[in-house]
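Number of protein chains: 2
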Amino acid sequence: MSDAIPLHSADLKIPTIADVRAAAGRIAGQAVRTPLISSADLNARLGARVFLKPECLQRTGSFKFRGAYNAISAMNPKARERGVVACSSGNHAQGVAAAAQLFEMQATIVMPADAPQTKIERTRALGARVVAYDRASEDRDLIAQKVLAETGGTFVHPYNDAFVIAGQGTAGLEAADDIAEAGLSLDDVLVCTGGGGLTAGVCLSVHDRFPDARIYSVEPENFDDMARSLKSGTIQFNATTSGSLCDALLTPSPGETGFAINWKRLAGGLVVSDAQALSAVAWAFANLKLVLEPGGAVALAALLSGKIDVQGRTVLVVLSGGNVDAGMFETALRTAESPA
Amino acid sequence: MSDAIPLHSADLKIPTIADVRAAAGRIAGQAVRTPLISSADLNARLGARVFLKPECLQRTGSFKFRGAYNAISAMNPKARERGVVACSSGNHAQGVAAAAQLFEMQATIVMPADAPQTKIERTRALGARVVAYDRASEDRDLIAQKVLAETGGTFVHPYNDAFVIAGQGTAGLEAADDIAEAGLSLDDVLVCTGGGGLTAGVCLSVHDRFPDARIYSVEPENFDDMARSLKSGTIQFNATTSGSLCDALLTPSPGETGFAINWKRLAGGLVVSDAQALSAVAWAFANLKLVLEPGGAVALAALLSGKIDVQGRTVLVVLSGGNVDAGMFETALRTAESPA
Numbered sequence: 064m065s066d067a068i069p070l071h072s073a074d075l076k077i078p079t080i081a082d083v084r085a086a087a088g089r090i091a092g093q094a095v096r097t098p099l100i101s102s103a104d105l106n107a108r109l110g111a112r113v114f115l116k117p118e119c120l121q122r123t124g125s126f127k128f129r130g131a132y133n134a135i136s137a138m139n140p141k142a143r144e145r146g147v148v149a150c151s152s153g154n155h156a157q158g159v160a161a162a163a164q165l166f167e168m169q170a171t172i173v174m175p176a177d178a179p180q181t182k183i184e185r186t187r188a189l190g191a192r193v194v195a196y197d198r199a200s201e202d203r204d205l206i207a208q209k210v211l212a213e214t215g216g217t218f219v220h221p222y223n224d225a226f227v228i229a230g231q232g233t234a235g236l237e238a239a240d241d242i243a244e245a246g247l248s249l250d251d252v253l254v255c256t257g258g259g260g261l262t263a264g265v266c267l268s269v270h271d272r273f274p275d276a277r278i279y280s281v282e283p284e285n286f287d288d289m290a291r292s293l294k295s296g297t298i299q300f301n302a303t304t305s306g307s308l309c310d311a312l313l314t315p316s317p318g319e320t321g322f323a324i325n326w327k328r329l330a331g332g333l334v335v336s337d338a339q340a341l342s343a344v345a346w347a348f349a350n351l352k353l354v355l356e357p358g359g360a361v362a363l364a365a366l367l368s369g370k371i372d373v374q375g376r377t378v379l380v381v382l383s384g385g386n387v388d389a390g391m392f393e394t395a396l397r398t399a400e401s402p403a
Numbered sequence: 064m065s066d067a068i069p070l071h072s073a074d075l076k077i078p079t080i081a082d083v084r085a086a087a088g089r090i091a092g093q094a095v096r097t098p099l100i101s102s103a104d105l106n107a108r109l110g111a112r113v114f115l116k117p118e119c120l121q122r123t124g125s126f127k128f129r130g131a132y133n134a135i136s137a138m139n140p141k142a143r144e145r146g147v148v149a150c151s152s153g154n155h156a157q158g159v160a161a162a163a164q165l166f167e168m169q170a171t172i173v174m175p176a177d178a179p180q181t182k183i184e185r186t187r188a189l190g191a192r193v194v195a196y197d198r199a200s201e202d203r204d205l206i207a208q209k210v211l212a213e214t215g216g217t218f219v220h221p222y223n224d225a226f227v228i229a230g231q232g233t234a235g236l237e238a239a240d241d242i243a244e245a246g247l248s249l250d251d252v253l254v255c256t257g258g259g260g261l262t263a264g265v266c267l268s269v270h271d272r273f274p275d276a277r278i279y280s281v282e283p284e285n286f287d288d289m290a291r292s293l294k295s296g297t298i299q300f301n302a303t304t305s306g307s308l309c310d311a312l313l314t315p316s317p318g319e320t321g322f323a324i325n326w327k328r329l330a331g332g333l334v335v336s337d338a339q340a341l342s343a344v345a346w347a348f349a350n351l352k353l354v355l356e357p358g359g360a361v362a363l364a365a366l367l368s369g370k371i372d373v374q375g376r377t378v379l380v381v382l383s384g385g386n387v388d389a390g391m392f393e394t395a396l397r398t399a400e401s402p403a
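Going down the list, the sequences are from chains A and B. Everything in the first sequence is counted per my numbering, starting at 64 for the first residue and increasing by one. Everything in the second sequence is counted per my numbering, starting at 64 for the first residue and increasing by one.
Read the hints as simulated data drawn from the structure, not as lab findings. Hints are not guaranteed to be accurate.
Stated by the list, open to error - Label pairs and their calculated CB-CB ranges:
(1) G390/A - A212/B: 49 to 55 Å
(2) S336/A - A142/B: 48 to 54 Å
(3) K76/A - Q164/B: 48 to 54 Å
(4) E144/A - D104/B: 48 to 54 Å
(5) T79/B - E284/A: 56 to 62 Å
We put the beta carbon where it would ideally sit given N, CA and C, even for glycine.
Taking the hints into account, I'd like the entire structure generated from these sequences.
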């Protein structure tokens, strides 16, 4: 398909910490500077000092606003007039829609028809045009290419873009700054991982301050493309495109731009089951009083289910999003109530 | 009953802003300095600038830890050896239990048997001895007096105590500091109100910095003792002791110590229905990604249901707690889903 518009963003260079710092300047005053949360119970239980970065409290309910706003703010005004296009099951969708709304420009989001209802509704509420497609029978890339051809708009990739990765990295930058300010050093970092954009950004910002920190990607079962890619040293693909409750993390493979960072910097790739993710959602409800979506809870799930030994260590866990339908949330609460 | 041990705390003086500042020093490093949260959607909808103080993120899941820790840290070491006693349906219980645990002392909490299960379990998990009583047939004061006589312990009143009120006031102090630091002034404040301890503390700290701020108590229907007391100028009692979902706010009447502050400083007393409180719980789930209990959501409910006009104003809403059972939370989510 040589005549198709390629679905990557304008900027495929490998971002650096300087790009993360520049992103922090751009998003200041627009993104929420989320606090670090800690739980005395959790620290006592694990014999560790755990800091949770609740990106569910971020504008649009996930970290995605950071990258989307950074990418759009870096576009030239002429390009902005033609709008932006994105493909997303919902969190990047809302991030792009909210950022586009702030710049008073058009956003078109190609979303699977089976995405969580709350994500579709909220993307529309943010003024975006939503084009729904059937995951089984339609090709979202073709749909996006058609929109791009019609509008002359700019594609904002959810993770394979230097500006997006740099924007997501500001979550790690804030956490690293806060931990350093408390006079502490960071030993382990757990990040929820889909295409690896947040993960790569967090690697840049955390390693800038704490070069010895061990950073782990965390993925849901059957979507462990990052874990396998890290082992093999080359980008691996998932055998399936659906079948996990962690809708935010169902990417086909690690993005190349982020992987150039992740494969050198990650200490390993962890994998949790959907049941462990749901259990972490319920634990966060009862103990943190935070609403997490399953995909936003996998890093916490890895911690709670003992995937790494954190005894005596200082740990950062990124809680990446909270855009969950009431029905799924109730499922998580009920699963946790019944004996395992 | 002249031979009974009176159930008030040691210190019934009227606290001042100096006491709140002293409390801030005592709780530093033990209590969570909760952030201010804002919602772009909410601000746009109301045409206001709203700051939410999420005390559900506080240690033990409610603001109560602040006052309990302040009161216990002010006790002399000899008295601490004999332990503390408290009566509470659950939030003060956990606050006192957690504070006592940090001082390695015994806490005995007299709790109604029908308190939310999560509150009873967590109070026990914090090392406290829980004495359950039947609301209908037993007198909790008599039970507490018996424990005090046996142990020689100190009673920590949930709101009729200068140290407790000063401790709760630190929530307002932090919010006022943050709002002043952002270069803003505060116009309206909404506080969830039971016995009025938090409300009185917030009056002291907010008015110290913003003397013209209008501060409102918010209570559930049929437990509007503060609203009626403000109107009449004398302490009024509720006709009933149960029958609202807002278990945290079912006090018989405003405490005298706090009322000495509240009646002079409050701009008025607002009242919301249980349905409005549940709807606010559901709204916070979907929009803030925060878990609130119904009693911790009444101030937000007053805002969302338009009890005061906030157009063009800067508003602080205290979200006072998030200790809610999964069953009640599911009820809130389902109530919100069904058409009104």
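Now the hints, each set against the structure:
1. G390/A - A212/B: 49 to 55 Å: holds (52 Å)
2. S336/A - A142/B: 48 to 54 Å: holds (51 Å)
3. K76/A - Q164/B: 48 to 54 Å: holds (53 Å)
4. E144/A - D104/B: 48 to 54 Å: violated (26 Å)
5. T79/B - E284/A: 56 to 62 Å: Check passed, 58 Å falls within 56 to 62 Å.
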